[in-house]
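Residues in the sequence shown are numbered consecutively from 0, following the working numbering.
Just so you know, these hints were derived from the structure itself, not from any lab. Among the clues, some could well be false.
Ranges between beta-carbon positions, derived for each pair [unchecked claim]: (1) T17 x T120: 32 to 38 Å; (2) L16 x E147: 23 to 29 Å; (3) K1 x Y72: 29 to 35 Å; (4) V5 x M125: 38 to 44 Å.
Glycine included, every Cβ here is placed at the ideal spot set by N, Cα and C.
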Amino acid sequence: MKKFEVTWIKIVKKLALTFRFTPYEREILQNNNVAKLIGAIPFLAGCESPCRTAVSHVSIYLIAKHPVMRDIYDHQPGDDFDIINRLFDIKHFRGGKKKIIQRGMELLMLTMLSNYQKDQTADELMGKYNPIYAKKWNYEPTRKLLTERIKSVRCPEMDEIFGIDDGTEGWWDPFKENSGIPSENNNFHRN
0 MKKFEVTWIK
10 IVKKLALTFR
20 FTPYEREILQ
30 NNNVAKLIGA
40 IPFLAGCESP
50 CRTAVSHVSI
60 YLIAKHPVMR
70 DIYDHQPGDD
80 FDIINRLFDI
90 KHFRGGKKKI
100 IQRGMELLML
110 TMLSNYQKDQ
120 TADELMGKYN
130 PIYAKKWNYE
140 PTRKLLTERI
150 KSVRCPEMDE
160 IFGIDDGTEG
170 WWDPFKENSG
180 IPSENNNFHR
190 N
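Generate coordinates for the entire structure from the input sequences, incorporating the hints supplied.
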């Protein structure tokens, strides 16, 4: 996966220039394993134009988690139908190995689900919609199903970037501590 590391660094440099990140923010993004997984999926699956897809998907991820865009991208009751609907904007790939794409998307779903589980009490107190506390998604059976599906497709290169244990940690948001771009003192949050 060393080849992807070189590619990932180039992608991060371009995104950092585009979003006007500081060197520190660029480093945080470079080490954000959710963003790296999003960027790696088209390469691991052998998709057409993997770099274009990676940049597009990581950009959407960053935009969707930006505080100014939360009213547009945050989970709404209409998103409850299927967990994959939350990833609609980053689930489009040209060609590639479908099982590897599905595995990567299921790792992202597991991470998102675990984040909702972890945040359900705080979200309820803040009045923020959460499909776990709203009883629209059932955490344990969904976690179990996703874990089984992920384990059924072998991809050690993906596991090097982001494994099942990472997914159950629930670090979905790049603006939370330990998961990516910090919420204070960064250019990305300036209006």
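Hints, one by one, checked against the model:
1. T17 x T120: 32 to 38 Å: For T17 and T120 the Cβ distance comes to about 36 Å; the hint holds.
2. L16 x E147: 23 to 29 Å: Violated, at about 41 Å.
3. K1 x Y72: 29 to 35 Å: Since the Cβ atoms of K1 and Y72 sit about 33 Å apart, the hinted range of 29 to 35 Å holds.
4. V5 x M125: 38 to 44 Å: Given range 38 to 44 Å: holds, Cβ gap about 41 Å.
Hint compliance for this structure: hint 2 is the single one not met.
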